[in-house]
Amino acid sequence: HTSCYAPVRKIAIFGGTHGNELSGVFLVKSWQENGAEIERLGLEVQEIRRFRPFKLVQVSP
1 HTSCYAPVRK
11 IAIFGGTHGN
21 ELSGVFLVKS
31 WQENGAEIER
41 LGLEVQEIRR
51 FRPFKLVQVS
61 P
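First residue of the sequence shown: 1, per this note's numbering; consecutive thereafter.
If you're looking for bench data, these hints aren't it; they were derived computationally from the structure.
Computed from a predicted model, the values in this text were never measured in an experiment.
Misleading hints may appear alongside valid ones.
[To be verified] Here are the simulated distance ranges between beta carbons:
(1) C4 / Q32: 30 to 40 Å
(2) T2 / K29: 32 to 42 Å
(3) T2 / E33: 30 to 40 Å
Note that beta-carbon positions come from the ideal geometry of N, C-alpha and C, so glycine has one too.
All chains, full assembly: derive it from the sequences and hints.
So this is what it looks like as structure tokens:
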């Protein structure tokens, strides 16, 4: 540990903040199914779900 700052122990990752950006939603869903990609030694990973329900609507041309 060579930094003058304390090591990071907790982080927050948000996906789908605005409701119309689906890439973040799918990324978080992927991490929920397999969290190995974001696991780090000494880092606490905790799932917190907060969302407003929405539905996808297909618009006819």
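Each hint tested on the structure:
1. C4 / Q32: 30 to 40 Å: Given about 35 Å between the Cβ atoms, the range holds.
2. T2 / K29: 32 to 42 Å: holds (36 Å)
3. T2 / E33: 30 to 40 Å: Once the Cβ atoms are compared, 35 Å apart, the range 30 to 40 Å for E33 and T2 holds.
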